[in-house]
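Trainee: Chain residues, written in single-letter form:
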Amino acid sequence: MSEKKNWPLWEIFIRSKNGLNHKHVGSLHAADAEMAIENARDVYTRRMEGVSIWVVESEHITASSPNQSESLFDPANDKVYRHPTFYNLPDEVKHM
Amino acid sequence: MKAPTDYAHLEDQFQARIDAEEKIEPKDWMPDKYRKTLIRQISQHAHSEIVGMLPEGNWITRAPSLRRKVALLAKVQDEAGHGLYLYGAAETLGAERDDLLDELHRGEAKYSSIFNYPTLSWADIGAIGWLVDGAAIMNQVPLCRCSYGPYARAMVRVCKEESFHQRQGYEIMLTLARGTEAQKKMAQDALNRWWWPSLMMFGPNDAESKHTAQSMAWKIKRFTNDELRQRFVDITAPQAEFLGLTIPDEHLKYNEETGHYGFGPIDWDEFWQVVSGEGPCNRQRLKARRRAHEEGQWVRDAALAHAEKRRQRQAAKNDQKVA
Ligand SMILES: [Fe+2]
Ligand SMILES: [Fe+2]
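Chains Z and A, in that order, are what the protein sequence lines are. Mapping of the first sequence onto my numbering: position 70 corresponds to residue 64, and the numbering continues sequentially without gaps. Mapping of the second sequence onto my numbering: position 137 corresponds to residue 141, and the numbering continues sequentially without gaps.
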């Protein structure tokens, strides 16, 4: 048996219907990926909330840190020219 | 260690975010006491969902029809789900699931005192759905706007599922109340026994509630215990009247001036007695929880061993491919 005594934690992502992205819904414990999917079915889709499930062991997720959110997201802050409203066109021009 | 002034500054920033109705997420800075308060509250809430399965599970095999049986089974399964969402939310704060369960099984953690009362007749299942789930909904709806993101999101899921619980309970009460004399008596008896413990579910009076002020400032709590209790009485009294049943409180009376129902004093001695472990079923509930946990140990071990074996087999296969 492995050193770990407890079932690891998994993050659960569910596609609620085709055409939509998988979305994080929460976490659960399971011994392996297959069991994580089965448990996710029972915990998160008892009322047809999903058509597809992704499971990822929580320790494999790398997250950005809130402390760095300034340096990470600020560069986009002053780039108004990335938005269509930055460009002035006369009203006569249609469909643009 | 941060210098005290740094800490005070961080706390001010934190409070400013809360005041601006920003949600706090797991990796954000938060005061230790905020974290501890949430772990305590969320784990107690999770324990309540799990222990709450016991008094109702007791009636699954004896439900009077297949329709009632599938409904009760689905409800009890939902409560297991609620417990899991909540343990998951507590884990985002750094709590370990095993530690939380150990605290429960050692009798050190609290859970809602309502689940320490026995379910003596089928009507109790109706009364629980109507009153206990009803009171839980009253408590949980404002928690959907709690400042801590994962708790709030768990509550949104829970609240979506709770309304069926309450409706199936009220339907049971309605059927009994419109049935034979004996059935009506059974429904009244269940209401008599569950009414006061349901009012106690909202916790001590505001003047006695030591955590309320801080929890309100942190927007973990949005309404005080007494506010929620009053709202519950106001909504439930007409529902009892519709059933043709009598709420066991001679002081219960609608007050035209305030627009609220007045009600009699709550027996807080009984409340504290049950909270401290001396309710009718405290020992039985903990014993059942412990037994379920201990008897499930071999399953958890076997699943891990199986997963490990498959991992090794897969690794050996991959090695062969490389070779
Ligand atoms: Fe629940
Ligand atoms: Fe419920």
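To be clear, the hints were calculated from the coordinates, so they are not data collected in a lab. Hints should not be assumed to be uniformly reliable.
No more than 20 Å apart at the CA atoms, straight line, and that leaves these computed lysine to aspartate or glutamate pairs for DMTMM-like [as the list claims (entries may be wrong)]:
| id | chain 1 | residue 1 | chain 2 | residue 2 |
| --- | --- | --- | --- | --- |
| 1 | A | Lys27 | Z | Glu64 |
| 2 | Z | Lys(-1) | A | Glu29 |
| 3 | Z | Lys(-1) | A | Glu298 |
| 4 | A | Lys31 | Z | Asp36 |
| 5 | A | Lys313 | Z | Glu64 |
| 6 | Z | Lys11 | A | Glu298 |
| 7 | A | Lys321 | Z | Asp26 |
| 8 | A | Lys164 | Z | Glu51 |
| 9 | A | Lys31 | Z | Asp26 |
| 10 | Z | Lys(-1) | A | Glu299 |
| 11 | A | Lys313 | Z | Asp26 |
| 12 | Z | Lys17 | A | Glu29 |
| 13 | Z | Lys(-1) | A | Asp305 |
| 14 | A | Lys40 | A | Glu29 |
| 15 | A | Lys164 | Z | Asp36 |
| 16 | Z | Lys(-1) | A | Asp103 |
| 17 | A | Lys73 | Z | Glu5 |
| 18 | Z | Lys73 | A | Asp102 |
| 19 | A | Lys31 | Z | Glu43 |
| 20 | Z | Lys(-1) | A | Glu107 |
| 21 | Z | Lys88 | A | Asp106 |
| 22 | A | Lys313 | Z | Glu28 |
| 23 | A | Lys321 | Z | Glu43 |
| 24 | A | Lys31 | Z | Glu51 |
DEER-style ranges, computed between Cβ atoms [claimed, not checked]:
| id | chain 1 | residue 1 | chain 2 | residue 2 | range |
| --- | --- | --- | --- | --- | --- |
| 25 | A | Lys214 | Z | Leu14 | 41 to 49 Å |
| 26 | A | Val160 | Z | Arg35 | 14 to 22 Å |
| 27 | Z | Ala70 | A | Arg226 | 30 to 38 Å |
| 28 | Z | Leu14 | A | Cys163 | 17 to 25 Å |
| 29 | A | Asp210 | Z | Ile31 | 44 to 52 Å |
| 30 | A | Cys163 | Z | Asp36 | 16 to 24 Å |
| 31 | A | Asn62 | Z | Ile31 | 30 to 38 Å |
| 32 | A | Ala292 | Z | His18 | 29 to 37 Å |
| 33 | A | Thr262 | Z | Ala70 | 36 to 44 Å |
| 34 | Z | His18 | A | Pro146 | 23 to 31 Å |
| 35 | A | Arg226 | Z | Lys11 | 29 to 37 Å |
Glycine included, every Cβ here is placed at the ideal spot set by N, Cα and C.
Trainee: If a hint holds in the structure, say so; if it doesn't, say that too.
Mentor: Okay, the hints, checked on the actual structure:
| no. | hint | verdict |
| --- | --- | --- |
| 1 | A:Lys27 <-> Z:Glu64 | holds (17 Å) |
| 2 | Z:Lys(-1) <-> A:Glu29 | violated (28 Å) |
| 3 | Z:Lys(-1) <-> A:Glu298 | holds (14 Å) |
| 4 | A:Lys31 <-> Z:Asp36 | violated (28 Å) |
| 5 | A:Lys313 <-> Z:Glu64 | violated (45 Å) |
| 6 | Z:Lys11 <-> A:Glu298 | violated (39 Å) |
| 7 | A:Lys321 <-> Z:Asp26 | holds (18 Å) |
| 8 | A:Lys164 <-> Z:Glu51 | violated (27 Å) |
| 9 | A:Lys31 <-> Z:Asp26 | violated (26 Å) |
| 10 | Z:Lys(-1) <-> A:Glu299 | holds (16 Å) |
| 11 | A:Lys313 <-> Z:Asp26 | holds (11 Å) |
| 12 | Z:Lys17 <-> A:Glu29 | holds (17 Å) |
| 13 | Z:Lys(-1) <-> A:Asp305 | holds (8 Å) |
| 14 | A:Lys40 <-> A:Glu29 | holds (15 Å) |
| 15 | A:Lys164 <-> Z:Asp36 | holds (16 Å) |
| 16 | Z:Lys(-1) <-> A:Asp103 | holds (13 Å) |
| 17 | A:Lys73 <-> Z:Glu5 | violated (33 Å) |
| 18 | Z:Lys73 <-> A:Asp102 | violated (48 Å) |
| 19 | A:Lys31 <-> Z:Glu43 | violated (27 Å) |
| 20 | Z:Lys(-1) <-> A:Glu107 | holds (18 Å) |
| 21 | Z:Lys88 <-> A:Asp106 | violated (68 Å) |
| 22 | A:Lys313 <-> Z:Glu28 | holds (14 Å) |
| 23 | A:Lys321 <-> Z:Glu43 | violated (37 Å) |
| 24 | A:Lys31 <-> Z:Glu51 | holds (18 Å) |
| 25 | A:Lys214 <-> Z:Leu14: 41 to 49 Å | holds (45 Å) |
| 26 | A:Val160 <-> Z:Arg35: 14 to 22 Å | holds (20 Å) |
| 27 | Z:Ala70 <-> A:Arg226: 30 to 38 Å | holds (34 Å) |
| 28 | Z:Leu14 <-> A:Cys163: 17 to 25 Å | holds (22 Å) |
| 29 | A:Asp210 <-> Z:Ile31: 44 to 52 Å | holds (46 Å) |
| 30 | A:Cys163 <-> Z:Asp36: 16 to 24 Å | holds (20 Å) |
| 31 | A:Asn62 <-> Z:Ile31: 30 to 38 Å | holds (32 Å) |
| 32 | A:Ala292 <-> Z:His18: 29 to 37 Å | holds (34 Å) |
| 33 | A:Thr262 <-> Z:Ala70: 36 to 44 Å | violated (54 Å) |
| 34 | Z:His18 <-> A:Pro146: 23 to 31 Å | holds (24 Å) |
| 35 | A:Arg226 <-> Z:Lys11: 29 to 37 Å | holds (33 Å) |
The structure shown violates the earlier hints numbered 2, 4, 5, 6, 8, 9, 17, 18, 19, 21, 23 and 33.
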